[in-house]
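Fit chain B to the supplied structure of chain A, relying on the hints for placement.
Below are the chains, spelled out letter by letter.
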Amino acid sequence: MTERYVVAIDQGTTSTRCIVFDRRGQLVSLAQQEHKQHFPRPGWVEHDAAEIWRNVERLGPLALNRAGITTEQVAAVGIANQRETTVLWDRHTGVPVGRAIVWQDTRTDALVNALLAAPGADEVQERCGLPLATYFSGPRMSWMLDHTPGLRERAERGEVLFGTMETWLIWNLTGGLHVTDVTNASRTMLLDVRSLRWSPQACEFFGIPPAMLPEVRASVAVFGTAEAAFPGVRIGAALGDQQAALFGQTCFTPGEAKCTYGTGSFLLLNTGTELVRSTHGLLTTVAYQLAGEPAQYALEGSIAITGSLVQWFRDQLELIASAPEIETLARTVSDNGGCYIVPAFSGLYAPHWRSEARGVIVGLTSYITKGHLARAVLEATAWQTREVVDAMNANSGLTLKTLKVDGGMTADNLLMQFIADVLDVPVVRPLASETVSLGAAYAAGLAVGYWPDLEDLRRNWHRAAQWMPAMDPVLRDREYDNWRRAVERTFDWIKPA
Amino acid sequence: MPGTVQSIERAAAILRMLAGGTGRLGLGEIAKSLDLAKGTTHGILRTLQHVGFVEQDRVSGRYQLGAALLHLGTSYLDINELRSRSINWADPLAARSGEAVRIGTVLEGRVLVVHHVFRPDDTFQTLDIGTLLPLHATALGKVLLAYRSALPPAELERFTRRTVVSPRELAAALEQVRLAGWGAEIEELTLGEAAIAAPIRGYGGLVVGAIGVSGLVERMCDTRYRPHPRLVGYVRDAARAVSRDLGAARH
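Chains as they are written, first to last, in this note's numbering: chain A, 1 to 497; chain B, 1 to 251.
Isolated chain A, as found in the complex (with noise of 0.2 Å):
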């Protein structure tokens, strides 16, 4: 018999992955594209949707090539997504109406802050399980219905659909089926967080008309029949990335969770079929769906700059050429020399939630090198995890005892060694880092039938790596005294208009 394997497209925010699995969850090939990223004012950020798909078109191929297989020995592909990047598209030709807007952007600070005063506010957040913020693709929609001219009356006549990046994927994979999943729905403020339905009252509220939405199905579960790029190949399975992760990192039972650290990071515990209302500025999120079944529910905690303040250092500040570089600058310096730098960039997210905040980099003095500031960038992403999960702790009323990572930055020794040290507990990776594909797969194998059940997923799951805490406690305290102090300075930066 001839081997089967399981495909994955993570179409992330920098770059799409096609990854090809086999049955033990092994990373058999890879094929890799960046795209564009479109930065037209400050605080703008946007993607061409149709230059990914056609990534995705190219990459799809290449990764069976690499492997060396055919589409015959795919069970089925699986679709890990950016989450909350809004696209809207004509029904009739396919074509995208403008770019994508990306979940980093902000310019729908002034429209968010209008909102929260409306009435029906309240009730929109409670209904949705989410803060009303620019991160989210509801208010998104709204502003770029309001701003290109007659789009709202071709919307109206149902010429115009909008999904996030799995739909548009879906539709361009099978020819135009337009469905979306539960955890990416999850994500637009729209969704009716208990009945997993589109809720009148958030389209109303948002003025979002309802023929623009996609069909909400389970994440697990056979979408359709690809017709380009994996031709005659089954989609197994949608789901946000980050969810993906959970699921990549087998966190099925409640009180299990992972943090991804990517462009952003972003910790996510299981909560069950119980759904957790957050009082500590985390997310009530849809962490799975298997078809036929109640949806899993998780907690999550989002932070927006982790990677791309590396990406920063490198690109904007350039005193490093590549990002790993950033771990042996930090290596020529002992500790941060008093260094603190809160990467506000597009305001902070969880667990503070405040757009108006900037960043800043405080503590400078003639002593600080170029060295102390890679140190500083690296141990802010430990820092806000610190925060987040101090927010969970309390929130879930559970104490993390071990926090499983992974991502590209747990290549990163230095950090991952301080993110042990500031949260006092093991930090684990596993042994595939490349877990928001592998959930991608794990799901769609297991909606084929290609994988039995979660268990057997279970049983793939190994530590490839482990970091003990090792900092002092007074020294611990400290820093975090210092670190919230640089935090609070971020506050209030941008002035209402």
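Hints were generated in silico from the structure; no laboratory data involved. Watch out, some of these pointers could steer you wrong.
Stated by the list, open to error - Partial selection, computed: residues in chain A whose CB lies under 10 Å from chain B:
1. Asp-22
2. Gly-25
3. Gln-26
4. Pro-254
5. Glu-256
6. Thr-410
7. Gln-417
8. Arg-429
9. Trp-461
10. Ala-465
11. Trp-467
12. Met-471
For every residue, glycine included, the Cβ atom is placed at its ideal position computed from N, Cα and C.
Chain B alone, transformed into the frame defined by chain A:
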């Protein structure tokens, strides 16, 4: 005497120009000064840029000597970059072999462990990134020595009865590594343990590190005390995959 390679002569001329000039030079100036076609000059500059000998200013598009030229004698690949680029291939190697994986480079006459993946059996293990190992008594070290990434130490310390301590024997072992394309260590550092390693190559085929697996000798070797060909295959596949990612041509 075989003929000279024209494009290398031209590349050398460009480097001399950039070294002698004041500040950065544009493509047009360089092409004109050397009486070369712009396309040819651009191709050479792009290649020199790729290997780090030339850098291009982002704003003006003008060229200058690259930082790599100043560090020709030292390792050109940052160790954290090497870890970051190999992490995706080290994990599958651990999964397939069932053994611990390490990646090493040379630091001051020893093997520096730059990456370590636990043996995937979920037992307690400790990360040993940053540890220094002897070159002559480890599979990683012998691979690095064989491809001239380092010179053998003057004195070959004995760790076990099986450690290679004679320079002549070591030279023969290194020749064997070059012929086979991989190296092994069988109870030469620690009794009861064995390891297999293969070279990681960067651009132009330059060996920049070694990747290998290690574990109990009865799991690593067959009844004739030789490394299992299956494990050797996994190690070489992983080494090739990392090398391909680092831009080495196929070997």
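To test your reading of the hints: which numbers does this structure violate?
Per hint list: 4, 5 and 12 violated.
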